[in-house]
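Visitor: Each chain is listed here by its residues.
Protein chains: 2
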Amino acid sequence: MFLRIDHVGIACHDLEEKIEFYESTFGLTVVSREVNEEQGVREAMLHVADGPGGTSYVQLIEPLSPETAVGKFLAKRGEGVHHIGYGVADVTKALEEIGGKGIRLVDERPRHGSMGASIAFLHPKDVGGVLTELVESPQPKL
Amino acid sequence: MFLRIDHVGIACHDLEEKIEFYESTFGLTVVSREVNEEQGVREAMLHVADGPGGTSYVQLIEPLSPETAVGKFLAKRGEGVHHIGYGVADVTKALEEIGGKGIRLVDERPRHGSMGASIAFLHPKDVGGVLTELVESPQPKL
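So the protein lines, in turn, are chains A and B.
Oh and the first sequence: position 45 is 52 in our numbering, straight run, nothing missing.
Oh and the second sequence: position 119 is 126 in our numbering, straight run, nothing missing.
If we strip away everything but chain A, and leave its shape as in the complex, we get (with noise of 0.2 Å):
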């Protein structure tokens, strides 16, 4: 069902500072900035590797607000790993398949993701603790 590894989220108080460091020091790339209004997040993608399933990135994630998912989740955690992405060919069938097994669903359809992407959240609780993201890449332009 994985095709990769998508990305790593990263939750940090201040992007531009993280973003610095991620590049100064691990010499990684920004491919895209966006603002997710519905997420509540500013962001970064930082180019990691391709390979034939799909780019893996760091993403960066700084929450719009206090009040936001991500805000809360800095509030009790601290700055780290807010989130893993795994790249799926098709996300709606890959959450019917997961979803027939039981497993809660924070998204029970596909919402925008970074760079154009479909995604949905698969509930934390039900996969080890892990807040697991599936991502479906928008198709090539022909």
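Just so you know, not all the hints are guaranteed correct.
Identical copies look the same in the list; a pair holds intra-copy or inter-copy alike.
To be verified - Below are the DSS-like pairs computed for lysine-lysine, each with C-alpha atoms no more than 27 Å apart in a straight line:
id, residue 1, residue 2
1, Lys132, Lys100
2, Lys132, Lys83
3, Lys108, Lys132
For the record, the hints were derived by calculation from the structure and aren't laboratory data.
Following the hints, position chain B against chain A.
Guide: Relative to chain A, chain B alone:
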């Protein structure tokens, strides 16, 4: 510097139960099981994807006792993502470069990791709360 997301290290209470979960829910396959006495863990590597930069895995880790680092992590935070491992070509060189930038190193010199790899951890306090591992895979035998 990073060739791939080598693995997501996930701490759990019951390794066999969690392996069964990842296999049956997501279709991942165990490619290695090891006990690492030095790190105080029993672990399994589950294959996610191959790419030109190497292979990506989910690593499931169960502490050998509550007194180990992972045992203490579980007691404090519960099950979830414990660390992120990134593939590098030369872990000794990467440690020198990163240490030279003032990042504190958990391991000044590489030690033995999963599947014959040379690994080293960076201090999470200097990497935005993320326990970060560098992984140099063994050279293929000719």
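Visitor: Are the hints correct? Go through all of them and say.
Guide: Quick rundown of the hints versus the structure:
1. Lys132 <-> Lys100: Cα proximity of Lys132 and Lys100: one copy only (21 Å, versus 39 Å across).
2. Lys132 <-> Lys83: both (17 Å within a copy, 16 Å between copies)
3. Lys108 <-> Lys132: within (14 Å within a copy, 38 Å between copies)
The structure meets every hint from the earlier list without exception.
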